[in-house]
Amino acid sequence: MSTVKDKQDLKKAHYVSEWSRIPLNGDPIWLKQLRIRGAHLFRDTEFPNTRMEEWRRTNISIINNTSYRSTPASPPIALTQKAVEPFFLKNPAATELVFINGRYNKTISRLPALPEGVAAGSLRRAIQSPLARVVKTHLGSCLQARNAYTALNTAFLQDGAFVYVPKNILVETPIHIIALTIPGQEPSAAYPRVLAVLEDGSQASITTHFVSLSEHQPYLANAVEEIILGPNAQLDYCRLVEEKAQGNHLATAEVRQDQNSRFNGFMAVLDGNIVRSQVCVELAGDGAECQLNGLYLNDGHRLTDTQFSVLHSRPHGLSRITGKGILDGDSKAVFLGKVYVHPDAQKTDSRQLNQNLLLSERASVETKPQLEIYADDVKCTHGATVGAPPQEVLFYFRSRGISEAAARGMLTCGFAQELIEEAPTHAIREYLSAHVLAKYAPKEIR
Amino acid sequence: MAAPVEHLVDADYTGTRVERSNREVAEIAGQHYKYGWTTDIESETLSKGLNEQVIWRISQKKNEPEWMYEWRLNAYRHWLGSTDPDWANVKYDTPDFQNIRYYSAPKKSVQRKSIEEVDPKLLETFEKLGIPLDEQKRISGVAVDAVFDSVSVATTHREILARKGIVFCPISEAIREYPELVRKYLGSVVPPNDNFYAALNSAVFSDGSFVYIPKGVRCPMDLSTYFRINAAETGQFERTLIIADEGAEVSYLEGCTAPMRDENQLHAAVVELVAHKDAVIRYSTVQNWYAGNEEGKGGIYNFVTKRGKCLGDNSRISWTQVETGSAITWKYPSCLLMGDNSVGEFYSVALTRNRQQADTGTKMLHLGRNTRSTIISKTISAGKSNNSYRGLVRIMPKAENARNYTQCDSLLMGNQCGAHTFPYIDVRNKSASVEHEASTSKISEDQMFYCQSRGIGPENAISMVVNGFCKEVFDHLPMEFAVEAAKLLSISLEGSVG
Numbered sequence: 001m002s003t004v005k006d007k008q009d010l011k012k013a014h015y016v017s018e019w020s021r022i023p024l025n026g027d028p029i030w031l032k033q034l035r036i037r038g039a040h041l042f043r044d045t046e047f048p049n050t051r052m053e054e055w056r057r058t059n060i061s062i063i064n065n066t067s068y069r070s071t072p073a074s075p076p077i078a079l080t081q082k083a084v085e086p087f088f089l090k091n092p093a094a095t096e097l098v099f100i101n102g103r104y105n106k107t108i109s110r111l112p113a114l115p116e117g118v119a120a121g122s123l124r125r126a127i128q129s130p131l132a133r134v135v136k137t138h139l140g141s142c143l144q145a146r147n148a149y150t151a152l153n154t155a156f157l158q159d160g161a162f163v164y165v166p167k168n169i170l171v172e173t174p175i176h177i178i179a180l181t182i183p184g185q186e187p188s189a190a191y192p193r194v195l196a197v198l199e200d201g202s203q204a205s206i207t208t209h210f211v212s213l214s215e216h217q218p219y220l221a222n223a224v225e226e227i228i229l230g231p232n233a234q235l236d237y238c239r240l241v242e243e244k245a246q247g248n249h250l251a252t253a254e255v256r257q258d259q260n261s262r263f264n265g266f267m268a269v270l271d272g273n274i275v276r277s278q279v280c281v282e283l284a285g286d287g288a289e290c291q292l293n294g295l296y297l298n299d300g301h302r303l304t305d306t307q308f309s310v311l312h313s314r315p316h317g318l319s320r321i322t323g324k325g326i327l328d329g330d331s332k333a334v335f336l337g338k339v340y341v342h343p344d345a346q347k348t349d350s351r352q353l354n355q356n357l358l359l360s361e362r363a364s365v366e367t368k369p370q371l372e373i374y375a376d377d378v379k380c381t382h383g384a385t386v387g388a389p390p391q392e393v394l395f396y397f398r399s400r401g402i403s404e405a406a407a408r409g410m411l412t413c414g415f416a417q418e419l420i421e422e423a424p425t426h427a428i429r430e431y432l433s434a435h436v437l438a439k440y441a442p443k444e445i446r
Numbered sequence: 001m002a003a004p005v006e007h008l009v010d011a012d013y014t015g016t017r018v019e020r021s022n023r024e025v026a027e028i029a030g031q032h033y034k035y036g037w038t039t040d041i042e043s044e045t046l047s048k049g050l051n052e053q054v055i056w057r058i059s060q061k062k063n064e065p066e067w068m069y070e071w072r073l074n075a076y077r078h079w080l081g082s083t084d085p086d087w088a089n090v091k092y093d094t095p096d097f098q099n100i101r102y103y104s105a106p107k108k109s110v111q112r113k114s115i116e117e118v119d120p121k122l123l124e125t126f127e128k129l130g131i132p133l134d135e136q137k138r139i140s141g142v143a144v145d146a147v148f149d150s151v152s153v154a155t156t157h158r159e160i161l162a163r164k165g166i167v168f169c170p171i172s173e174a175i176r177e178y179p180e181l182v183r184k185y186l187g188s189v190v191p192p193n194d195n196f197y198a199a200l201n202s203a204v205f206s207d208g209s210f211v212y213i214p215k216g217v218r219c220p221m222d223l224s225t226y227f228r229i230n231a232a233e234t235g236q237f238e239r240t241l242i243i244a245d246e247g248a249e250v251s252y253l254e255g256c257t258a259p260m261r262d263e264n265q266l267h268a269a270v271v272e273l274v275a276h277k278d279a280v281i282r283y284s285t286v287q288n289w290y291a292g293n294e295e296g297k298g299g300i301y302n303f304v305t306k307r308g309k310c311l312g313d314n315s316r317i318s319w320t321q322v323e324t325g326s327a328i329t330w331k332y333p334s335c336l337l338m339g340d341n342s343v344g345e346f347y348s349v350a351l352t353r354n355r356q357q358a359d360t361g362t363k364m365l366h367l368g369r370n371t372r373s374t375i376i377s378k379t380i381s382a383g384k385s386n387n388s389y390r391g392l393v394r395i396m397p398k399a400e401n402a403r404n405y406t407q408c409d410s411l412l413m414g415n416q417c418g419a420h421t422f423p424y425i426d427v428r429n430k431s432a433s434v435e436h437e438a439s440t441s442k443i444s445e446d447q448m449f450y451c452q453s454r455g456i457g458p459e460n461a462i463s464m465v466v467n468g469f470c471k472e473v474f475d476h477l478p479m480e481f482a483v484e485a486a487k488l489l490s491i492s493l494e495g496s497v498g
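Protein chains in written order, with this note's numbering: chain A, 1 to 446; chain B, 1 to 498.
Calculated directly from the structure, the hints in this document are not laboratory data.
Honestly, I wouldn't trust all of these hints.
Unchecked claim - Facing chain A, from chain B, some residues (calculated, C-beta under 10 Å):
| # | residue |
| --- | --- |
| 1 | CYS417 |
| 2 | ALA438 |
| 3 | SER441 |
| 4 | LYS442 |
The beta carbon of each residue, even a glycine, is placed where N, CA and C say it ideally should be.
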């Protein structure tokens with residue numbers, strides 16, 4: 001008889017054997033050690049399951065029970081820039097970095113000139129450059145053991161995106177990272193990794209876009225992003241998840257902010273089977289500010305889990321968390337907003353809001369806006385709402401000759417649009433608006 | 001517990017009362033917990049520890065029928081198979097369940113027919129607590145069931161109630177006299193295997209109150225139970241069961257105190273409410289168990305399961321609680337809204353200071369159509385305490401047009417305490433409308449400055465601000481309790497200025 005633990009050990013043994021096949025040539029010792037630490041952590045950590053408080057309503061047993069193979073190093077089809085161009089931002093000045101199964105592909109990327117000293121490209125290449133010092137200092141530095149899958153990402157770390165902006169440099173054009181997963185014939189997993197370091201007083205705008213060219217093969221994108229902001233640095237950050245219907249996505253982003261730095265994050269989940277998107281921000285310096293906006297559009301049998309947590313560890317911090325969800329079909333959404341205020345973080349100002357629109361009978365949502373406060377001179381509020389479009393409003397539309405279906409569509413678009421306005425880059429706002437209109441707008445106004 | 005009687009008959013109601021309670025606050029300034037004394041009374045106890053033998057002895061002492069003993073044993077087996085819950089935001093050493101006495105009763109306390117027969121020492125104890133059991137002297141219309149350690153010692157006003165067909169008696173008596181009612185409802189809201197402490201309570205409960213309000217009867221007076229832990233090294237495990245039949249209405253009050261002791265004592269109660277069609281039950285608690293000293297030594301572990309079932313259409317259950325005592329509080333009075341149009345309400349003030357820890361809140365489960373629930377929670381943390389609100393609102397797929405409104409506000413006093421909010425909102429029906437709001441703040445300097453510039457001292461200013469902060473909840477308490485609760489808060493906040 002096999003117990004749950006036996007099954008788990010079996011799955012772990014599978015990943016360990018996959019892991020042992022990683023080519024080791026040319027990697028510096030510290031990187032090998034980092035991978036080994038990841039592998040050990042993975043070995044010692046239980047797979048996330050519904051018995052864990054954080055995963056209570058997010059059942060990922062379908063992911064746990066699949067033995068994902070590592071994605072092939074070279075994609076089965078030769079890709080040209082034309083094939084990935086549809087994913088590019090509608091801004092010809094943008095830097096477009098294309099990653100296939102977590103590995104950088106320079107030939108199909110678009111690389112306009114960037115200010116001197118700015119690096120945007122492959123993590124592997126950076127390790128061999130003078131910037132190796134920066135990578136070594138920061139890679140894996142703020143990643144606590146979140147769960148077995150983040151440990152697995154570190155264990156399989158071979159390449160990734162690396163963005164470095166030196167002191168007082170302003171990068172005006174957006175940097176767009178396209179993380180493309182092309183699975184093999186069997187269910188396979190990609191391990192995209194992003195490291196962004198912004199030094200004192202620098203500014204940049206980064207977007208990561210998770211997409212796939214898979215037709216039918218199930219896959220898992222297991223992503224980890226690490227973002228380090230120096231004093232007075234400012235980053236506009238977007239993350240768009242647009243996986244295929246048979247694609248699962250587990251992502252953790254860690255942001256560490258030094259004093260007076262500002263992080264403006266916008267996370268949108270547009271497609272994918274099970275998508276868990278976690279963002280953990282630590283306001284580690286005085287007066288740091290962060291804004292986290294999350295949009296999730298669910299339909300069919302999809303499940304999204306959005307987890308935003310902000311740790312205020314220094315005084316005068318400011319955080320704003322807003323989550324908005326539209327749920328249709330049999331879909332399910334989980335939202336967790338967690339604000340933790342350390343005893344030293346006096347004068348913290350934090351606001352949190354989660355709003356959900358239910359469009360179908362069978363959709364469900366669980367929201368947990370939490371506050372943990374250990375300092376007394378703080379202003380913290382949170383709010384949550386769940387509901388359908390109100391009858392009075394629908395009546396108003398109908399009394400003016402607009403059909404109920406059209407009214408619902410317009411209200412739904414408006415609900416999403418309100419948050420989309422907050423997205424930091426123009427190109428992303430356009431992209432999301434178009435997506436929402438195509439999905440929900442009534443024919444009359446399309 | 002209850003307010004001194006002269007309080008209520010004050011002719012000049014507004015003016016003198018404020019003055020009087022200010023004077024009282026000043027008088028009590030030096031004293032922290034005024035119910036900390038013990039009564040020296042001969043009592044009969046069972047030896048420490050828990051096993052099937054102990055359960056059999058408790059059952060024997062209560063002259064229980066066979067089925068009740070079986071029921072207890074079943075619960076005990078569940079308890080053995082379950083583990084101490086660890087998800088709450090409180091830290092404590094799990095009590096040693098074999099080092100607790102599960103039964104302690106004053107020796108001469110067989111339930112008496114008239115008050116004259118009650119041991120004068122016991123009467124004196126309750127007199128000292130402000131609960132006169134002597135019906136002749138009692139002017140306010142509240143019927144009291146007094147529970148001392150493991151047994152009920154006196155129940156007042158029973159005759160008046162009996163004339164209306166209302167049953168108000170100790171649950172041990174109800175098991176003997178009304179077995180069919182008890183059998184039908186006991187464990188129907190909180191099953192013995194519900195959780196670790198509910199299972200423990202089901203196995204060893206020794207007394208508590210039983211209330212049955214027949215069809216269409218509106219209870220003419222407030223019913224009240226007063227709990228007192230006296231003996232050392234004992235736990236109190238009471239069980240309350242309230243049934244309101246079709247169209248009935250009842251308001252029930254509960255109060256509690258315990259002596260100051262260095263060791264922690266366990267209080268694990270279960271309260272079950274059943275509201276049939278059109279029935280209304282209002283349940284109010286002022287919890288003032290001993291909270292331990294400044295260093296967090298001693299105090300009561302208050303691990304309580306309270307749940308109400310709105311069984312019939314248009315029924316209504318309202319919980320109001322003021323939590324100021326206990327070293328650890330773990331308590332979630334909940335409502336199962338099964339009948340269509342049923343209403344659940346939860347109003348709570350929880351105050352923690354020194355090293356108290358509270359994890360309290362509610363669960364509202366919407367199952368019927370057009371069900372509504374309201375949650376108002378006010379938490380105040382001072383000293384080095386931690387105070388958490390944890391609440392679940394779940395709208396099931398069949399609960400069309402369910403409504404919930406939740407508001408939880410926290411007030412922090414001092415920079416070493418913590419205030420936390422853990423709401424869980426789970427919606428599975430699109431016609432639902434659920435709103436949740438929460439805020440955390442401290443008493444603002446503007447408010448303090450405003451009061452002080454008008455000659456109100458800092459202590460009184462804090463007391464006023466806190467009372468204003470809690471007003472929405474106090475408004476739902478019966479008047480007598482509201483006065484008591486306000487006073488309790490001011491006393492508890494003594495010395496929290498700055």
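Now the hints, each set against the structure:
Taking 10 Å as the C-beta cut-off, the interface hint given for B/CYS417 holds, the closest approach to chain A being about 7 Å. Using the Cβ-Cβ criterion of 10 Å, the hint placing B/ALA438 at the interface with chain A is satisfied: the shortest such distance is roughly 5 Å. The interface hint given for B/SER441 is met, as the beta carbon of that residue sits about 6 Å from the closest beta carbon of chain A, less than 10 Å. The criterion of a C-beta within 10 Å of any C-beta in chain A is met by B/LYS442, whose closest approach is roughly 5 Å, and the hint holds.
The structure meets every hint from the earlier list without exception.
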